[in-house]
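Participant: Spelled out, the chains give:
Protein chains: 2
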Amino acid sequence: MIPFEVTILGNSSAIPTSDRHPTSQVLNHRNSYFLIDCGECAQQQIRKSHLKFSRIKWVLISHLHGDHFFGLFGLISTFQLLGRKESLIIYAPPALEHILKTVFSAGGGNIDFEIDFRSIPEEGGEIFDSDFIKIKAMPLNHSTPCYGFHFQEKNLPRKIDKSKIEMEEVPIHALHKLKDGEDVQLEDGRFLKNSEWTLDPPKPRSYTFITDTRCISDLADEIKGTDMLYHEATFLHEDKKRAIATLHTTAKEAGAFAKKAEAKMLLIGHFSARYDDLKPLKKEAQTEFEESFIAKEGKCYKIKH
Amino acid sequence: MIPFEVTILGNSSAIPTSDRHPTSQVLNHRNSYFLIDCGECAQQQIRKSHLKFSRIKWVLISHLHGDHFFGLFGLISTFQLLGRKESLIIYAPPALEHILKTVFSAGGGNIDFEIDFRSIPEEGGEIFDSDFIKIKAMPLNHSTPCYGFHFQEKNLPRKIDKSKIEMEEVPIHALHKLKDGEDVQLEDGRFLKNSEWTLDPPKPRSYTFITDTRCISDLADEIKGTDMLYHEATFLHEDKKRAIATLHTTAKEAGAFAKKAEAKMLLIGHFSARYDDLKPLKKEAQTEFEESFIAKEGKCYKIKH
Chain A
1 MIPFEVTILG NSSAIPTSDR HPTSQVLNHR NSYFLIDCGE CAQQQIRKSH LKFSRIKWVL
61 ISHLHGDHFF GLFGLISTFQ LLGRKESLII YAPPALEHIL KTVFSAGGGN IDFEIDFRSI
121 PEEGGEIFDS DFIKIKAMPL NHSTPCYGFH FQEKNLPRKI DKSKIEMEEV PIHALHKLKD
181 GEDVQLEDGR FLKNSEWTLD PPKPRSYTFI TDTRCISDLA DEIKGTDMLY HEATFLHEDK
241 KRAIATLHTT AKEAGAFAKK AEAKMLLIGH FSARYDDLKP LKKEAQTEFE ESFIAKEGKC
301 YKIKH
Chain B
1 MIPFEVTILG NSSAIPTSDR HPTSQVLNHR NSYFLIDCGE CAQQQIRKSH LKFSRIKWVL
61 ISHLHGDHFF GLFGLISTFQ LLGRKESLII YAPPALEHIL KTVFSAGGGN IDFEIDFRSI
121 PEEGGEIFDS DFIKIKAMPL NHSTPCYGFH FQEKNLPRKI DKSKIEMEEV PIHALHKLKD
181 GEDVQLEDGR FLKNSEWTLD PPKPRSYTFI TDTRCISDLA DEIKGTDMLY HEATFLHEDK
241 KRAIATLHTT AKEAGAFAKK AEAKMLLIGH FSARYDDLKP LKKEAQTEFE ESFIAKEGKC
301 YKIKH
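Listed in order, the protein sequences are those of chains A and B.
Each residue of the first sequence is one higher than the one before, counting from 1 in my numbering.
Each residue of the second sequence is one higher than the one before, counting from 1 in my numbering.
Hints should not be assumed to be uniformly reliable.
Treat identical chains as interchangeable: a pair holds within one or across any two.
[Stated by the list, open to error] Simulated pairs of lysine to aspartate or glutamate, EDC-like, Cα-Cα distance not exceeding 20 Å:
1. 48 - 97
2. 48 - 297
3. 154 - 183
4. 52 - 19
5. 193 - 222
6. 179 - 116
7. 282 - 112
FYI, nobody ran anything at the bench for these hints, they're computed from the structure.
Note that the structure is predicted; figures quoted are calculated from it, not measured.
My request is simple: use the sequences and hints to build the entire structure.
Facilitator: Here you go:
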């Protein structure tokens with residue numbers, strides 16, 4: 001199976017506790033990593049999770065509250081000390097570029113690899129498009145410009161049935177056509193019917209990351225049927241007033257949103273330091289959406305269709 | 001006994017390991033804290049050590065390599081979220097002021113308490129002088145301006161012998177004179193001999209923090225007889241070439257320096273991530289100076305004369 005999995009590095013909101021860290025997670029797609037948010041201590045959490053620093057190709061920062069990017073300085077320094085040569089591509093709200101330049105020009109030390117900074121447009125939209133995956137940034141409802149990210153795998157070509165190839169030789173150009181879903185008439189007279197020669201490719205999977213925000217019901221349509229949804233659930237519903245005042249979401253609201261979006265699975269996170277025990281948050285989300293789970297630090301969740 | 005003790009929050013050099021953090025320590029003097037350096041994760045280490053955030057009055061930053069100040073952003077954010085009102089006084093090389101302003105104006109969120117920034121003069125010298133303690137900044141030998149800090153308790157007034165006061169009434173102005181070491185002739189004819197009425201005050205203690213630097217032999221005279229010396233020992237002596245190239249100190253050199261300075265006790269720290277086992281570093285320092293110890297994270301060391 002093609003790797004597509006997320007490792008949670010931090011599930012705490014702005015004030016970390018002694019055993020919960022600010023937001024950060026590593027999304028592994030085909031053994032290349034998207035680092036989503038980078039709260040303080042992210043680099044140490046990466047190390048503890050035995051993830052390879054060299055596989056981090058892209059960083060996505062949802063917004064510029066410190067608990068979502070203060071770990072980036074240390075991570076970049078460590079990349080430098082480990083001898084990184086490859087560019088690091090960072091998607092973030094525009095103001096981060098000046099912050100990074102200031103920190104590293106004035107004090108943080110020289111950085112010898114390229115930091116390829118790409119501002120997320122104010123209105124969001126598609127920010128990444130490779131052969132295998134595309135990413136959409138979705139404006140959220142928070143006290144500073146903030147974006148959710150929706151990762152959608154692309155359709156793969158059809159798979160040649162290996163058992164057929166072992167029986168008969170077929171020229172390469174014909175294989176390409178078969179992969180594209182076509183029937184093939186060969187010059188030697190053979191007719192290769194696509195349905196006999198190919199198998200369905202794996203179904204494209206999707207992952208959605210949404211924090212920090214008041215719950216936005218309308219977003220459910222944009223991510224309809226997502227295979228895994230990470231959504232913040234900073235508060236219990238009994239603290240809804242606080243959620244409204246600070247532009248955050250309750251566990252109950254996160255569950256209702258996952259249901260509306262017809263997600264396959266919900267991970268909740270960004271928990272307020274006021275809760276020592278996280279089980280009540282999970283239970284509350286489950287009253288709305290059964291497949292709700294606590295996003296546990298250090299745990300890797302496989303994204304399945 | 002008047003509290004004077006240091007808690008080690010991080011003993012790692014620039015690249016943290018999964019269980020060692022970058023440089024930071026809390027020096028508690030009379031229940032007010034000096035935070036010395038503030039590497040990433042310092043706030044979480046403070047929490048784990050059950051130290052009170054509200055007691056941190058002063059921050060001293062030795063130099064502007066990221067592993068010595070990248071934790072300051074998160075700590076300041078947490079102060080804000082905890083509702084701090086009191087000024088935070090920061091002593092650091094001048095460039096940090098602009099970095100802090102940039103990070104917090106552009107993205108980190110509003111800070112409602114005063115950050116009272118005080119540049120360490122290039123040539124070092126006395127940077128702090130209260131009723132109880134004074135601090136000297138000492139220029140070190142590193143790749144960016146870097147300072148060691150020497151904390152010297154002041155002489156306290158003589159202590160009135162309580163058993164005498166219980167026997168005889170004495171006017172307050174006479175007590176003040178006694179504390180200052182004077183004999184007192186009272187109007188009622190009594191003569192109070194200082195040596196009979198007072199006891200010696202506790203002896204002033206001192207603490208010295210030195211990292212990152214090639215070992216500077218001449219500094220030994222400046223801190224002669226220090227009660228506790230924290231000195232970096234980034235490398236084993238077999239890696240001396242690396243120590244010279246990166247302007248750091250070996251464990252053997254740190255031990256020899258402690259001996260020359262006639263320190264009472266040496267804590268070594270700032271260990272390279274290349275060493276899983278720290279015991280050889282301790283042993284090596286002890287070949288030069290017996291009272292050498294590993295500065296263990298989470299451990300509190302009392303400073304005694």
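Participant: It remains to establish, for every hint, whether it holds in the given structure.
Facilitator: A quick look at each hint next to the structure:
For the homomeric pair residue 48 and residue 97, neither the shortest alpha-carbon distance inside one copy (28 Å) nor that between copies (33 Å) is at most 20 Å. When the C-alpha separation of residue 48 and residue 297 is checked against a cutoff of 20 Å, the pair qualifies both within a copy, at 10 Å, and between copies, at 17 Å. Taking the shortest alpha-carbon separations for residue 154 and residue 183, neither the intra-copy value of 22 Å nor the inter-copy value of 92 Å comes in at or below 20 Å. In this assembly of identical chains, residue 52 and residue 19 lie within 20 Å of each other by CA distance solely across copies; the values are 17 Å between and 22 Å within a copy.
Proximity of residue 193 and residue 222 under a CA criterion of 20 Å is satisfied in neither setting, with 37 Å inside one chain copy and 88 Å between copies. Taking CA atoms no more than 20 Å apart as the test, residue 179 paired with residue 116 passes in neither setting, with 35 Å inside one copy and 66 Å between copies. In this assembly of identical chains, residue 282 and residue 112 lie within 20 Å of each other by CA distance neither inside one copy nor across copies; the values are 44 Å within and 35 Å between.
Hints 1, 3, 5, 6 and 7 from the list above are not met by this structure, while the remaining hints are.
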